[in-house]
Amino acid sequence: MRTIIKNAHLIDATKDYGNADLYLKDGNIEGTDLGGDVDETLDAGGNVLTPAFIDLHTHLREPGGEVKEDLKSGLAAAAAGGFGTVISMANTKPTVDEAGIVSELVAKAEAIDQARLRPSAALSHGLSGKTLTDFAALKAAGAVMITDDGIPVEDSHLMRRACEYARELGLVIQTHSEDPSLRQDGVMNEGVVSQRLGLPGNPASAEAIMIFRDCEIAAMTGARVHIAHVSSKRGMQVVEWFKEQGAPVTAEVTPHHLTLNDSVFEEFDPIYKVAPPLRTQEDVDYLLDAVNRGVVDSIGTDHAPHTRAEKDLDMLQAPFGIGNIEVSFPLLYTELVETGKLELSLLLKLLQTGPANVMNWDAPTLEPGKPADLTLLELKTAQKVDAKIFKSKAKFSPWDGQSLKGWPIMTFVAGKKVFEREGVLEPV
Amino acid sequence: MIKGSTPVTLADPAAEKAKDETQRKRKHLLDLADWTKEEVEALFNTADVMAQVMERTIKKVPALQGFTVGTLFFENSTRTKLSFERAARAQSADVMSFAAGASSLAKGESLKDTLRTIDAMQSDLYVVRHAVAGVPYQLTRWTDAAIVNAGDGRRAHPTQALLDAYTFSKNFADFDSFEGKKLAIVGDVMHSRVARSNIELWTKLGAEVTLCGPSTLLPRELEQFQNVTLTNSVYEAAEGAHTVMALRLQNERMGAGLLPSIAEYQARYQVTEEVMAYAHDNALIMHPGPMNRDVELSGTVADSGRSVIEKQVANGVPVRMAVLYTLLVGKK
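Chains A and B supply the protein sequences, listed in that same order.
What the first sequence shows, in the working numbering, is residues 1 to 428, in sequence order.
What the second sequence shows, in the working numbering, is residues 1 to 332, in sequence order.
Some clues are possibly wrong.
To be verified - SDA-like, lysine to any residue: derived pairs with alpha carbons at most 20 angstroms apart:
#1 233(A) x 281(A)
#2 417(A) x 9(A)
#3 15(A) x 31(A)
#4 112(B) x 269(A)
#5 112(B) x 266(A)
#6 112(B) x 308(A)
#7 395(A) x 142(B)
#8 112(B) x 267(A)
#9 72(A) x 112(A)
#10 130(A) x 160(A)
#11 27(B) x 267(A)
#12 112(B) x 67(A)
#13 27(B) x 266(A)
#14 391(A) x 424(A)
#15 395(A) x 113(B)
#16 417(A) x 40(A)
#17 112(B) x 319(A)
#18 112(B) x 396(A)
#19 112(B) x 316(A)
#20 112(B) x 309(A)
#21 112(B) x 307(A)
#22 380(A) x 47(A)
#23 233(A) x 192(A)
#24 311(B) x 172(B)
#25 233(A) x 221(B)
#26 112(B) x 310(A)
In short, the hints are calculated from the structure, not lab data.
Using the sequences provided together with the hints, build the complete structure.
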């Protein structure tokens, strides 16, 4: 099957190729301006065509949480957000801690034909933090990453042995680095705002301490440890310190930690409740600065959908998590790239080659021979976020109604169009 | 809903109800953040009128006749609930009490669903108490009724602060104004909505507030409020204070590693006669109740002539009457 995508502005993290017609053949990129017969013709309308994004941190809620999201809705949502590959998290019911569950997810996702699914598997059985899972069997079944994300691994000895074993198998361990005893029942960042609002706070030190522990164990064991969702200046400073020493650690930030601060809680809406919490503007600024200095390796969405009813509970009972995969790119493009705070090339890098490097995967570019995982981005028209048309089951969003630019209008996986935005983007 | 006409003393409820919504100054009482000093003074004046009503033989006026007030207490309370119910009934409002404690609320039932179900019975106003901060704000999104916050988590308890300040103004010798007055709050400030609302109110009225307690219960961030000082010394806190307010110490705090023991607290933070010697000659003693006798306050101090604790409780009714009246009917 040969496809031509005409009139595309080709950009990847390494290069701006300018305008060209891109040819796809049998699931791969064939080249530019080649000519010859094609089976399918598409018009990119001069829009930016770039490798589809890679998300190392998505909660698809299957098995067990299908009321919030499932593979079908989640992978469709990912494609709608411009993502071609996602790593699903393992904190499901049951947790993904047996090879059979991994195989089932892989098989199911293949039949769905949306964004590619690369499942992660739990570090400990049931995320209990007590006993290691069978990393080798899980890997053989298709797991690409080991993580207890959602729950911090409290026991340092277990973390150490997990790292040693993961290193042997070439697996990355992604950590949810928060010290539970300092975090306690904190629902938002501990600071001036939390004290004024009378809500239990989660101090940045809880994150910094655990990031230190996880990085130290990475350095000690030589394992590749990926620190998820760094949310604070303090936490990022710890990562930087270890990186300077050559520790095998990588760092992720989320779109919400780059764009929202804890003052949003004045509205008392649990839609903003997330772990680790939204921090102060000083933290947000520092994270962006770290991104610009090359300290951050990848942007991961930490897409964490819940039902509307759950997010309408009180601030203590409502679950943690923000569903954001469909708006992550437009949000970052509008608030950071358009305002001159972040270069588009760096944003693309953090969503493409950065995540690939963390995983030791082949870097996604537009060169011939690369898989035809692509997304077409309309960077010119501002449009209001309409959560009601989300592919995700969580049809509500902190950014609902906000005017954003940079909407993905088509996404391809292995050369096949898996997403096309309905209707035309109407200027706001 | 509006019943027959009766001689009115405060305002014609039917006419007031028909009054344009926009003329009413405010709809809810969630906290005192955006209240002006003038609004508070006007409310105190209304409370004075209400206090007179409560001195009559027949403690009833038809001011809120035809209005329905619902009490929605997700967190238990006897006194505050009774105080609000009294305040509503004394003005001839109908009262509906929803026992929304843990037993009657299915676990995980969203606040929204609970409210919507109750709201179908159309109260004009809900008095809400909940263990988690922010719930009254959330509720305002799901009903057209007015919401009065009777305490949400550790965040706010506006009617308590109003009755505390009102009691001070009625009992402090030669009271003329809050300007330059000093309120000392001693105890578990961190977990106290009474403290937070009093800080908000008294500073707004021109007073200074000193917060005192062990560091583990005294968040440093509170220093960022204007006219608020923090101290670990109960003597320093009492120094020149025009009123000393002691907060209730809960036993859980010991278990949670916040305080070693009650004995430590008593030795260092109990308000005793010795402590009160540092205060202003006419200083009053306050406590939001219920009091742990001989923990927060020594028995002697609690029973002394300076203590206005019982007056606080009594004033709760006219102050709450004034709040309900102001929100539902507006100023005369």
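A quick look at each hint next to the structure:
1. 233(A) x 281(A): holds, 10 angstroms
2. 417(A) x 9(A): Holds - the C-alpha atoms of residue 9(A) and residue 417(A) are around 18 angstroms apart, at most 20 angstroms.
3. 15(A) x 31(A): Holds, at roughly 15 angstroms.
4. 112(B) x 269(A): Given that 20 angstroms is the threshold and the Cα spacing comes to 12 angstroms, the pair holds.
5. 112(B) x 266(A): Roughly 19 angstroms separates the two Cα atoms, so the pair holds.
6. 112(B) x 308(A): holds, 10 angstroms
7. 395(A) x 142(B): Distance ~18 angstroms between residue 395(A) and residue 142(B) Cα, so the pair holds.
8. 112(B) x 267(A): holds, 16 angstroms
9. 72(A) x 112(A): holds, 6 angstroms
10. 130(A) x 160(A): holds, 12 angstroms
11. 27(B) x 267(A): Holds. Residue 27(B) to residue 267(A) sits at ~17 angstroms (cutoff 20 angstroms).
12. 112(B) x 67(A): holds, 19 angstroms
13. 27(B) x 266(A): Judged against 20 angstroms, a Cα distance of about 18 angstroms means the pair holds.
14. 391(A) x 424(A): Holds, at about 17 angstroms.
15. 395(A) x 113(B): Answer holds: residue 395(A) to residue 113(B) is near 18 angstroms, not above 20 angstroms.
16. 417(A) x 40(A): holds, 11 angstroms
17. 112(B) x 319(A): Cα-Cα ~16 angstroms, so holds.
18. 112(B) x 396(A): Since the Cα atoms of residue 112(B) and residue 396(A) sit roughly 16 angstroms apart, the hinted pair holds (cutoff 20 angstroms).
19. 112(B) x 316(A): Holds: residue 112(B) and residue 316(A) sit about 15 angstroms apart, inside 20 angstroms.
20. 112(B) x 309(A): holds, 8 angstroms
21. 112(B) x 307(A): Roughly 13 angstroms separates the two Cα atoms, so the pair holds.
22. 380(A) x 47(A): Within the cut-off at roughly 9 angstroms; holds.
23. 233(A) x 192(A): Satisfied, since the Cα-Cα distance of roughly 16 angstroms is no more than 20 angstroms.
24. 311(B) x 172(B): Given that 20 angstroms is the threshold and the Cα spacing comes to 12 angstroms, the pair holds.
25. 233(A) x 221(B): Status holds; Cα separation ~19 angstroms.
26. 112(B) x 310(A): Distance of about 10 angstroms is within 20 angstroms: holds.
In this structure, every one of the numbered hints holds.
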